[in-house]
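Peer 1: Place chain B on chain A using the hints.
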Amino acid sequence: MKITQNKEGSKLNIALEGRLDTTTAPELENELKTALDGVDDLVFDLKELAYISSAGLRVLLSAQKIMNKQGKMVITGANEEIMEIFDVTGFVDILTIE
Amino acid sequence: MKKIKMLSLRTKCIGAIILMAATLSLILGFMSISVFQRNIDAEYMDKVTDLAETVSVAVDMGDTMRLKEAVQSIYDGIDNKVRSDMMGTPEYDAYIKNFEGIEKTRDFYSLQRELREILTVNEVQSVYIIYIDPVEKTCVYLVDASDEACPPGNADTLYEVNYRVLEDPEIGFPAYITNTPEYGWLVTAAAPIHDNNGEVIAYSLVDISMNHIMDVQMTFRRNLAVIMLTITVLISIIYIIAITKAVIKPINTLSDAALDYFGDEKANGNKNDQEAASGTGRPLRFSNISINTGDEIENLADAMKKMERDINDYIDNLTKVTAEKERIGAELNVATQIQADMLPRIFPPFPDRNEFDIYATMDPAKEVGGDFYDFFLIDEDHMGLVMADVSGKGVPAALFMVIAKTLIKNRALMNGSPSEVLAYANDQLCEGNEAELFVTVWFAIFEISTGKGMAANAGHEHPVIKRKDGDFELVVYRHSPAVATMEGIKFKEHEFELHPGDTLFVYTDGVAEATNASNELFGTERMLEALNKDKDAPAEQLLKNVKEAIDDFVGEAPQFDDITMLGFKYFGKS
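Protein chains in written order, with our numbering: chain A, 28 to 125; chain B, 110 to 683.
Keep in mind that the hints were calculated from the coordinates and are not lab data.
Computed spacing ranges between beta-carbons, pair by pair:
#1 A:M110 / B:V504: 32 to 38 angstroms
#2 A:K74 / B:K599: 27 to 33 angstroms
#3 B:K599 / A:M110: 20 to 26 angstroms
#4 A:N33 / B:V430: 42 to 48 angstroms
#5 B:G579 / A:K99: 45 to 51 angstroms
#6 A:N33 / B:R418: 52 to 58 angstroms
#7 B:E596 / A:K74: 27 to 33 angstroms
#8 B:E606 / A:E107: 28 to 34 angstroms
#9 B:N628 / A:G104: 20 to 26 angstroms
#10 A:K99 / B:E529: 27 to 33 angstroms
#11 B:P667 / A:N33: 31 to 37 angstroms
#12 B:E596 / A:E56: 20 to 26 angstroms
Here a beta-carbon is modelled for each residue, glycine too, at the ideal position from N, C-alpha and C.
If we strip away everything but chain A, and leave its shape as in the complex, we get (with noise of 0.2 angstroms):
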């Protein structure tokens, strides 16, 4: 699992390479407790990510909730498997998904 990080003043972009399960999500949830500080556009890039687990998800609805307070969060690139996990898990409902 590799994650980039791209801050443009008050924009950050973030790609996710791999698999974000169980074992890599709490890498994820440390870079974003840092990383979402005066943050009010998030972009996560998952054109290279493979599978996400409900590990994954949970880190996503973290982020999500924390950039409701403070701005907009979208999801770019998922690939047709990864939609289908956001479509069956309801999460189309939650994200905002481009």
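Peer 2: Frame of chain A; chain B shown alone:
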């Protein structure tokens, strides 16, 4: 092992000390003896040289010259000269007979008297006068004043050490020491006797016996040896006592303490464990040792004392931590038991109902899991079915699961649609959900008399249904978000209907996402395959088939997620 090693250290020390003392004694002894001997020898040599010179000047020169001429004329006239080493033989006696007349001459008599006086006064072994025959390399006797005097004409072989006198007659015989069986230790010197022209005509010889001084020397050596031996033994004993006290004893004390440390631990292990657990600490073996050698050994002892305290602290700490771990482990076991007891596990659960067959299992990945299933009768004709999975694992997930399960069942028993029940649980769980856990739930309310059901799927896996004459198939439709994700969510409802002979199967992602060693997922395809293998089997058997298929697939790889399944076969009204 220990005994041998201690013995070895002591032996080494004693060996080194004895060797050192003995070496020192020997060196001192040899030095004393050699200095002593050299001084004595030098003194005797000086004395004998002085005496020989005194004699050479004191004797009457005219008498000496005449006697020499008389002896020499006889000597030179003898063809068959027999030397003194033949003494006692007839040839020697015959040879000596030639000089018979000499002893009766006045010169001989007067010289002999002079020499006897000197001999008596100076207490020497012998005083005599000879001349040297350079051709035969012999010393020919003129007169001898010894008690056992050699007769005139007696010819001794000139010793090689004295050959230099042949080249330089003035040298005489520098003092030399001999040891013969006949006379014992003798020191001898010769001084030249000159005529009026300064020519050397003869030599005066003096022998001084050293037998007495040699005896003294032997006694001295013996005494010295005894003294040295005594000193060696004394020094060795003192050193051994000192080393035993300063080195071996402290080391043995430390060694015994170290052996005791765990020896006693084992012997009264239980008692000590209790002491340690109650915080009174374990007995101090090194701290009671008093070693005041003021050197490295004392440093070692201090270091050992500190080590002991550190080890004791560490052990106490470790004991506490271990006890804590054991306590947590025991509590986790209880928690697992409580969690397992929360799930209905007695099958068949409703023995008097024959309209359906239900079976469910949960295999947690860790001690306590986040998965749960539930089924309960809301009234005579309605049944609630729950399959849920809390995000995360372990104790937090288990606690969340307990709340979620309780909320859902309690709310369902108060009547209401699945959507209303989940909305209520969602709002309750969202309150103060700091850990931000959520739970995916499939919840259905099923009407037993008609086979009609209403389900809400909050982000959970697709349920599986097998129609009477068909195969198990996924029922795919769009789900609502998981419970506890966000307050105020509305949950969509999905109607379904089971006909007699139909089977419903719900599960958690632990089934579909079981992973083998090469990181492949078990997947829903393999799950359906396992279900369809013996599709008309009772619910219990269906679940077993799936579990076996998962176990075969996963092999030795560890189980990452809880595996939970529920099978429901509908028979309708009989």
